[in-house]
Structure formats: structure tokens, C-alpha cells
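Taken in order, these protein sequences are the chains called W and A.
When the letters of the first sequence are read in order and numbered with this note's numbering, they come out as residues 1 to 42.
When the letters of the second sequence are read in order and numbered with this note's numbering, they come out as residues 43 to 490.
Honestly, I wouldn't trust all of these hints.
[To be verified] Taking lysine to aspartate or glutamate and the EDC-like style, the derived pairs with C-alpha atoms no more than 16 Å apart in a straight line are:
{"no.": "1", "chain 1": "W", "residue 1": "K27", "chain 2": "A", "residue 2": "D275"}
{"no.": "2", "chain 1": "W", "residue 1": "K27", "chain 2": "A", "residue 2": "E312"}
{"no.": "3", "chain 1": "A", "residue 1": "K471", "chain 2": "A", "residue 2": "D425"}
{"no.": "4", "chain 1": "A", "residue 1": "K263", "chain 2": "A", "residue 2": "E141"}
Keep in mind that the hints were calculated from the coordinates and are not lab data.
Note that the structure is a prediction, hence the values are computed from the model and not measured.
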Amino acid sequence: MYIDAGTGSMMLQILAAGFFTTLLFFKNICAHFKRKPGSRKE
Amino acid sequence: MENISASFRDPAGYVFEKDGGLYRQILPYGKSAFEQFLQSGLAEKLMSAGKLAAFRLEAENERGPVLRLSRIPYITYPYEWSFSQLRDAALLTLDVTREALSCGMILKDASAFNVAFHHCRPLFLDHTSFEVYEEGMPWRAYRQFTMHFLAPLLLMKKVDLRCLGLLREDIGGIPLDLASRLLPWHTWLQPNPLLHIHLHALMEQKYSSDKKTQTPKRLPKKRLLALLEVMADWLDAMKPPRQSTEWAKYYSDNSYSDESFTFKQQAVNEFCTKNRVRSCIDLGANCGIFTKIAAEYADTVIAADYDACAVEALYQLGKNEQADIQPVLLDLNNPSPDIGVLNVERDSFFKRTHADRVLGLALVHHLRVTGNWSISQIATLFDKLAPQALIEFVPLDDVQTQRLTRGREEIYQDWTLDNFRAAFMEKFKYCEAKPIPQSGRVLLVFSK
């Protein structure tokens with residue numbers, strides 16, 4: 001099926017993706033420091 | 043050969059039925075994407091993981107390949123699902139998109155109608171929903187995903203479970219401006235609803251009045267994957283809202299004595315063990331005590347209830363029992379009608395539903411008293427659904443019926459066992475009555 005993606009929606013997606021990439025980056029840093037020293041990364 | 047009306051929108055292919063088999067014709071427009079879908083190994087990967095409806099290449103004609111599809115015994119629509127079903131269907135869609143990206147493809151649409159349930163597991167149905175991914179392209183289906191999944195889930199979670207009905211009103215999904223207006227103010231303070239719904243609605247509004255054509259900007263794959271991952275984590279953590287309803291606890295808070303309840307269970311067991319059947323319908327299934335019995339002797343049980351919490355319980359039951367229970371959110375006073383283009387895109391409940399047997403336990407007095415159905419209409423309902431029926435007749439002097447009539451008994455003077463039986467005998471051939479001990483209720487077995 002083909003759908004109308006919507007310009008506004010595309011713009012928002014780019015904005016949201018940028019925001020969540022930054023969020024994930026900091027989340028991963030926090031997870032790294034929370035990990036006990038010597039424990040293995042899953 | 044008969045084309046399936048639900049697949050008419052797709053220029054890449056369509057589904058048709060021939061000699062009892064279900065097929066998909068791939069059209070020239072979708073041929074190269076479909077070849078990539080096969081060659082990249084994505085089709086095999088998704089099928090072996092049980093995420094994609096199985097198919098095999100049947101033939102190739104002048105227009106393109108023809109696939110033979112495995113048939114899902116019963117199809118329910120998103121507006122008939124529980125909260126968890128819609129959430130699991132959303133998670134599957136995101137999962138399929140991520141798998142597709144790993145194989146150089148992407149989903150070009152994200153309709154909730156592309157997902158069906160089999161053994162209470164979501165299954166992706168549309169083999170022509172995949173297109174080749176070009177580095178930097180945004181996810182074209184994001185808007186549809188938001189309208190079909192995120193908006194209804196948030197409305198069910200933050201406003202009311204009954205908001206799911208909005209999907210029936212608009213087959214294209216819940217409009218984002220409407221979702222934004224209906225959601226409570228505090229969702230503006232939460233990052234996911236703020237971005238996916240509120241700001242999304244504002245951006246749509248802003249660009250819809252813009253007369254210049256905007257060239258979509260690039261979205262690196264890494265960022266797209268981050269967006270998909272965050273949405274999946276958010277949905278995964280989203281639990282069904284706690285909404286207490288009378289029906290979800292009907293059998294733990296009822297007027298049955300232990301003896302009468304055991305008798306009822308035995309009678310259902312006896313009715314179901316007569317022979318193993320392909321399908322059984324349990325109307326007014328509540329939390330599924332009798333659905334569970336029916337599922338032991340039927341390949342598929344369609345368990346319908348009008349209470350969203352009961353449908354949620356039925357879905358969890360099917361998952362735990364690993365039985366093919368198909369929960370259906372259904373108000374018999376207003377069942378799912380034919381909807382969509384020319385009213386043929388999505389079939390009504392009655393067009394889709396026919397089984398080998400039907401259960402109607404503690405149900406018919408609600409139809410007569412609350413819904414003001416005539417006895418003859420009740421008989422027609424069961425006649426339409428199956429050739430064998432087990433029905434619990436609840437008389438006028440029963441405490442539950444009294445609760446419903448509230449002193450208006452004179453209107454329902456026709457509600458007698460004799461009248462009930464007589465109306466059913468116009469549709470069915472045989473009748474067996476089993477009075478429930480310590481109760482005025484009677485179990486009636488009708489067959490043709």
C-alpha cells in the first residue's frame with residue numbers, strides 16, 4: 001500500500017530522531033558508568 | 043477467481059482467492075522490490091522467526107510472481123483488539139522495520155491492518171509492504187504508524203480504553219490533531235507523547251498550509267534506528283491501563299453456588315467433547331473460563347466480549363495457554379459493520395464469522411432486557427453463527443435478570459423458557475434441556 005508520508009511528519013521525524021539519538025547516547029554513557037568495574041558488557 | 047477487496051490500494055500486488063486457495067499476485071510495479079525481498083534473505087528470516095505469514099512461490103505469469111499464502115483461520119481488525127494486542131502489533135511492525143533495514147529494505151507502510159493474530163501471536167501479513175532502502179531516506183510510514191498505533195494506544199492509556207473505537211470511525215488511523223486535543227494536558231510534559239503526537243500534529247498543520255514543496259531532508263540510518271529503538275522500548279514498557287469493570291470479574295463475583303457452577307462447567311465440557319471441531323464461538327466470553335474448555339476441543343475459538351478488560355484477559359489467556367483464541371471486542375448491539383471504500387474494504391463481524399459451534403452463557407437475558415432484542419432476533423443470531431449452540435437461559439425471576447429489569451418486569455413477560463425454546467426450534471432441529479441445580483437457569487443444547 002502507498003501512503004502519504006506528509007512533509008510536516010517527515011520534518012518532525014528528523015527532529016525526533018535527532019533528539020532520541022542524543023538521548024540514547026547519554027543513556028548508554030550512564031549505563032556504562034553504572035556497570036560495576038570488571039563486569040562484562042552484555 | 044475473487045479479488046480480496048482489502049488489498050485494492052496496493053499498486054505492487056493484490057490478494058485473490060481461487061479454488062479455495064489464497065494467492066497474492068505481484069504486479070510489475072512491485073516486482074523488483076519483491077525480488078530484493080527474496081534475494082536479501084529478509085522473507086526467509088521473517089518467516090522462520092514466525093513474524094511473517096508464510097507463503098511459497100506458486101507460479102509466474104506475464105505480470106509477475108504468484109504466491110500461495112497460508113490462510114489465517116480468523117481475521118480480527120484493530121478496532122476489535124485489546125490494548126496489549128495493539129501494542130504487540132505495533133512492536134511487531136517496528137521489529138519488522140528494523141529487520142528490513144538490516145537487509146537493505148524498509149517498510150513503506152505501517153498499517154495496523156497489516157497485522158493478524160494466530161495463536162495469540164502477531165503476524166505480519168503484507169508481503170508487498172517492503173521497498174528498497176536508500177541511505178538517508180526518512181521512514182515514509184512514520185506518520186501512519188503514529189496514527190494507527192501510537193495515537194490509539196496513548197488515548198486508551200491516558201483517556202479511556204473505549205477510545206479504540208475511533209479506529210473504526212477512521213480506517214486511515216486517528217488524526218493527530220484530534221489525538222492531540224483529546225490527550226490530557228500533562229502529556230505535553232512527557233517526551234514521547236510530546237514529540238510523536240503534539241508536536242507532530244503542529245508540524246502537520248504548519249506544513250499543510252505551506253504552498254512551497256519542501257524537499258525532505260536526509261535522515262541518517264543510525265538516527266532512524268535510534269528512533270525505532272526508543273519507540274520500541276517505550277511501547278514495550280507500556281502496560282495496559284488498570285480499569286476495573288464488572289465483566290472482567292464476572293465469575294469471581296456472581297450468583298452461582300459451587301454446585302451449579304461445577305454443573306455448568308461439566309455441561310460445557312460435555313457439549314465440546316462430542317467431537318473436535320475447527321472453530322467455536324464464545325459469545326460474552328468474559329475472562330474465558332469456558333473459552334478455555336472450548337479451546338481444548340476446537341482449533342480456533344473466537345471469544346467475543348464487549349468489555350475491553352475482558353478482551354485483554356482473553357488475550358492473556360490465549361498467550362498463556364498457547365491456544366488459538368481470537369479475542370474480539372464486540373458489542374452485539376452494534377457489531378463491526380462493513381466499512382471502508384464502497385463498504386467492502388473490511389468485512390462486518392457476521393460476514394467473517396461462522397463456526398461449528400457457539401456458546402452463549404449468561405448472555406441472552408442481557409440481549410432481551412438491556413438490548414431489547416426480541417426472542418426471535420436472539421434465535422436468528424445463533425442460527426447465523428453455527429449449527430450447534432449451547433445457551434444458558436436465565437429466567438425473569440433470576441437475581442441477575444431482576445437487576446437488569448429494575449421493576450419493569452411487565453415489559454418482558456414473553457421471556458419464558460417455552461417461548462425461548464419455541465423460537466429456537468424454528469431455526470434448529472433438536473433441543474436438549476439441562477436445568478442447573480440450585481438455580482432457575484437452564485442450559486439448552488440446540489443442533490440442526
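Do the hints match the structure? See the list:
At most 16 Å may separate the alpha-carbon atoms for a hinted pair to count; K27 of chain W and D275 of chain A meet this at roughly 13 Å. Between the alpha carbons of K27 of chain W and E312 of chain A the distance comes to roughly 57 Å, so the proposed pair goes past 16 Å and is violated. Between K471 of chain A and D425 of chain A the CA atoms are separated by roughly 11 Å; this keeps the pair inside 16 Å, and the hint holds. For a cut-off of 16 Å, the pair hint linking K263 of chain A to E141 of chain A stands: about 13 Å separates their Cα positions.
The structure fails hint 2 only (numbered hints given earlier).
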